[in-house]
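Chain A is fixed; fit chain B onto it per the hints.
Chains A and B, in that order, are what the protein sequence lines are. Note that the numbering used here gives residue 36 to position 36 of the first sequence, counting from 1, and the numbers run on in steps of one. Note that the numbering used here gives residue 496 to position 496 of the second sequence, counting from 1, and the numbers run on in steps of one.
It should be emphasised that the hints constitute simulated quantities derived from the structure, not laboratory data. Misleading hints may appear alongside valid ones.
To be verified - The calculated label-pair distances, taken between Cβ atoms and stated as ranges, are:
1) A:Gly107 - B:Pro486: 50 to 60 Å
2) A:Ala17 - B:Gly123: 25 to 35 Å
3) A:Asn63 - B:Gln723: 32 to 42 Å
Quick caveat: nothing in here was measured; it's all calculated off a predicted structure. From the three backbone atoms N, C-alpha and C, an ideal C-beta is built for every residue, glycine too.
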Amino acid sequence: MSKQPGESTADVLRVLAPSIRISLVGAMLLAGFGLASIPLTHWLQRTAGWERTPPIEEAWLNNPTQIERGVAQGTPFSFTIQFGGATSLHWSERSSGRLIASGQVSGAPGTEAVEIGATSAATPGTWLTISVSNLHHALRVWVLP
Amino acid sequence: MKARANWTVIGAMSTGAALLLPANPVTQIVGVTGLVLLAGVVAGARLSIDAIPPAHRIALVAGYGIVGLLLAGALIGALLPILGVGLALHRDPLLVVALVALVALASFAGVRDWDPLQRASDGLHPRQLGWMAALSVPPIVALWGAVRLNSGGTPWVAIAVALTVVAMVLLAIVLPSHVSGPPRVLLLGSALVTGALQGPLRGGWLAGVDIQHEYYVATLALRQAQFPLTHYSDPYGGMLSLTVLPAGLHGLLGVDMRTTFALLPSLFLGLCLLCVWCAMRDRVSPRWAAVLCGLFVVGAEPLMRELPQITRQCDALFFFALLVLSVSSRAIPTRVSRITAVIAGVGMAVTHYSTAYLAAAAVICGFLLASGARDDRRIRVLTLPVTTAVVGIAVVWGGLVARTGSSIGQVISSIRHDGLNLLPAGGSLISRWISGASISQLVNARVIRRDDLALLSHQYHWMSIPASAFGVPLVNDPAPTAGGLPVLGSILSVVSSTVAQLTLLVAVVGVVMCVIAIRRRREFAGLAGIAIFFVVFATVSRLSQTVGVDFDPSRVQAQSFLLFAVVVSVAMAEARTVRLRAWISANRWMALATGTALAAVAVCTSTELVNLAIERATLPAELAVQGEQSARLLTPTDLLAARWLASNQSVNGFVQADRFGQLGLDVYGYNDRRLFIPSADPVLVNSPSWLLAYHTNVVDGSARGGNNAHVGVFRFPLTYYAQTRSVLYVSNEALVFGPTPK
Numbered sequence: 001m002s003k004q005p006g007e008s009t010a011d012v013l014r015v016l017a018p019s020i021r022i023s024l025v026g027a028m029l030l031a032g033f034g035l036a037s038i039p040l041t042h043w044l045q046r047t048a049g050w051e052r053t054p055p056i057e058e059a060w061l062n063n064p065t066q067i068e069r070g071v072a073q074g075t076p077f078s079f080t081i082q083f084g085g086a087t088s089l090h091w092s093e094r095s096s097g098r099l100i101a102s103g104q105v106s107g108a109p110g111t112e113a114v115e116i117g118a119t120s121a122a123t124p125g126t127w128l129t130i131s132v133s134n135l136h137h138a139l140r141v142w143v144l145p
Numbered sequence: 001m002k003a004r005a006n007w008t009v010i011g012a013m014s015t016g017a018a019l020l021l022p023a024n025p026v027t028q029i030v031g032v033t034g035l036v037l038l039a040g041v042v043a044g045a046r047l048s049i050d051a052i053p054p055a056h057r058i059a060l061v062a063g064y065g066i067v068g069l070l071l072a073g074a075l076i077g078a079l080l081p082i083l084g085v086g087l088a089l090h091r092d093p094l095l096v097v098a099l100v101a102l103v104a105l106a107s108f109a110g111v112r113d114w115d116p117l118q119r120a121s122d123g124l125h126p127r128q129l130g131w132m133a134a135l136s137v138p139p140i141v142a143l144w145g146a147v148r149l150n151s152g153g154t155p156w157v158a159i160a161v162a163l164t165v166v167a168m169v170l171l172a173i174v175l176p177s178h179v180s181g182p183p184r185v186l187l188l189g190s191a192l193v194t195g196a197l198q199g200p201l202r203g204g205w206l207a208g209v210d211i212q213h214e215y216y217v218a219t220l221a222l223r224q225a226q227f228p229l230t231h232y233s234d235p236y237g238g239m240l241s242l243t244v245l246p247a248g249l250h251g252l253l254g255v256d257m258r259t260t261f262a263l264l265p266s267l268f269l270g271l272c273l274l275c276v277w278c279a280m281r282d283r284v285s286p287r288w289a290a291v292l293c294g295l296f297v298v299g300a301e302p303l304m305r306e307l308p309q310i311t312r313q314c315d316a317l318f319f320f321a322l323l324v325l326s327v328s329s330r331a332i333p334t335r336v337s338r339i340t341a342v343i344a345g346v347g348m349a350v351t352h353y354s355t356a357y358l359a360a361a362a363v364i365c366g367f368l369l370a371s372g373a374r375d376d377r378r379i380r381v382l383t384l385p386v387t388t389a390v391v392g393i394a395v396v397w398g399g400l401v402a403r404t405g406s407s408i409g410q411v412i413s414s415i416r417h418d419g420l421n422l423l424p425a426g427g428s429l430i431s432r433w434i435s436g437a438s439i440s441q442l443v444n445a446r447v448i449r450r451d452d453l454a455l456l457s458h459q460y461h462w463m464s465i466p467a468s469a470f471g472v473p474l475v476n477d478p479a480p481t482a483g484g485l486p487v488l489g490s491i492l493s494v495v496s497s498t499v500a501q502l503t504l505l506v507a508v509v510g511v512v513m514c515v516i517a518i519r520r521r522r523e524f525a526g527l528a529g530i531a532i533f534f535v536v537f538a539t540v541s542r543l544s545q546t547v548g549v550d551f552d553p554s555r556v557q558a559q560s561f562l563l564f565a566v567v568v569s570v571a572m573a574e575a576r577t578v579r580l581r582a583w584i585s586a587n588r589w590m591a592l593a594t595g596t597a598l599a600a601v602a603v604c605t606s607t608e609l610v611n612l613a614i615e616r617a618t619l620p621a622e623l624a625v626q627g628e629q630s631a632r633l634l635t636p637t638d639l640l641a642a643r644w645l646a647s648n649q650s651v652n653g654f655v656q657a658d659r660f661g662q663l664g665l666d667v668y669g670y671n672d673r674r675l676f677i678p679s680a681d682p683v684l685v686n687s688p689s690w691l692l693a694y695h696t697n698v699v700d701g702s703a704r705g706g707n708n709a710h711v712g713v714f715r716f717p718l719t720y721y722a723q724t725r726s727v728l729y730v731s732n733e734a735l736v737f738g739p740t741p742k
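Just chain A, with the same shape it has in the complex (with noise of 0.2 Å):
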């Protein structure tokens, strides 16, 4: 039934009151259920693992395109160690299985930590590995004869 001549504005809100009462209602629970399902999804992100991957330690060689054929020996280069579940981590840098560096970088779940590689007591022609403590695989820089 549409609006019929002479009908007001207040007749039609009038009429329109009881939609208006349930959408009012409506929205109003759709806020709280929607408020409650936040710490609910947060819940289920970190038990389920649905949709954020926690942090997990990763290393690797900064402007590596610069470096991936090797690096001249007296050339420092830098690379980053991202933090997972550890807070503390200790690097060693050898070359051909003498140390020639090592650091200790700390740092919250997530950050980085940028640390720069010597290779100026490494030896010409050999890999040069950089190990982080908790990762089982180390970085390797080839230093150039």
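What follows is chain B alone, placed relative to chain A:
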């Protein structure tokens, strides 16, 4: 005018509130449902769909609503940038447009006392909503089962979920026809959605091959926030299912894209089942409709296990099922059926071009047969305008928007070059027929090495391979298989294969009977024509290696089975004059018991429960922690490594990974990259290449090589790569190897 609740006004206001409130699962569910329903009922109100049965009405409303929203999103994405709004598919522009539309709808409905939502919901009982809520629990448990498997936990939750799927199908068949019981269609729908949801989240990311590139295209759409995408010519970029849909849901309601790709396909499959159910219920009893749904829909392994990983096709299959419903249903007025067929054609064209092309070809067959049979034009659905519209929109959208010309050209040139290559596998005719359904076979690592050496000498002769690589053997390393049950497993294997072949036979017999029935009932000609096309094409894709690579036979089977279920129901209903009908009437319970047993075996096969019982069968990723399928999954840590590689390697640098490690890179656009070569075999890894080693390579120590036709598993030569290449990135599950030193 009497004061009463106007449900269209309430729906519009509640949907508006859901859009305005902070994003959370509740507002997202209400927002999506509200938009689809309102768009659907407004479109349906013009067609007076309130006169048709409620289940049919829901299917039609969903179809109209989704097509309407997709087209509206595409228009917004195309027009607003012209008007100076650059990021049209971001929240603010979408919210303004949506709120304006909702306010206009609420005002119009309120002032005119117009309530299409109330009219569309006539005949729906609140009890059915209660059952729907109750039956949404199994799908949630299915997701939990996948998460348990991802954390290496017990597979028993997932196995129990699969058994629940079988139980729900059986319950849908044997349930007494009592008003207070759960509606059979809801039981079947929940069973299909539950089974389908066991897979997509396995691994911790999204499981599947195509889905990774789909995700990449969706991230492009989200970033560009307009349609069509700029500087992107892949046909994926022209599909609204991969562009406007995920970008719109994210922009308007904050739905995470992974959630969209994991959950929506299964819901679309649920809608497919609803359409098929409605089409069958016009012909056969609820029990027989449940049997056929169990056999052809829930019992179709490709539909339950493969399709959820090809999201665009799930969306399109809903519209295909809607097309089948519109062509076959007696409960929908002819005018509404014709319009629905066109809308379904639009839906297919904008969501998945292969489905649309197959449907267009089938519709032409249907039109020709209907014209040849001289059926009653007053009730014919596939008229010349309808056929022209369905075919035209598929061709126009596929050609101009999705630009599929090169893909189609590739299929034609493959057929020209290789021929149809019928039944390529060896063995007897029966084994060749059965293996014809699978285009990918597991082979020994020796075959992979032989093929890789051949590729090196012909296709990749320019590669620089270190001499030491040729001394690294490729050691065969098959994944663990099912322990199985000694005798029962063998029996189940035979029974399962027999039922699968029997189902195909029933489908073909159904099509033949439907064609024969045209003599008496000419209105079946349209449906029969569509069915004839799919019988022929499904056979060709099954037998031809060349066609099968581009039109995967199992995916064609999934599409065909939605149609065949309806055709068989038509054949059963029209068989009243032949002996079969008399036999079924005389042996009603025996026939039903046989149908139930066949459906149970089919669902045990589609859920892959049977694989657990068969000795040395491939362990399904959905039900086991280990096995060949699990080794192909991606973990979130694989994605971190792939993302690091993608953001650090230059576009001119070579990148390699094994056949499934590649999937992690596909998420970042490597599917399109010319300088990406999928191989981890040392004799086919270029010296300057970066090599991604994902968790299966690093933790499990195995790798996969091969092509679409065959895959081989070998020990990943981690020590060799660790000794000869730089290591640019490390985590405990993934590595990125750099080039060999100069």
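Status of each hint after checking the structure:
1. A:Gly107 - B:Pro486: 50 to 60 Å: Once the Cβ atoms are compared, 55 Å apart, the range 50 to 60 Å for proline 486 of chain B and glycine 107 of chain A holds.
2. A:Ala17 - B:Gly123: 25 to 35 Å: Holds, since alanine 17 of chain A and glycine 123 of chain B (Cβ atoms, about 27 Å apart) stay within the stated range.
3. A:Asn63 - B:Gln723: 32 to 42 Å: violated (24 Å)
In this structure, only the earlier hint numbered 3 is contradicted, and the remaining ones agree with it.
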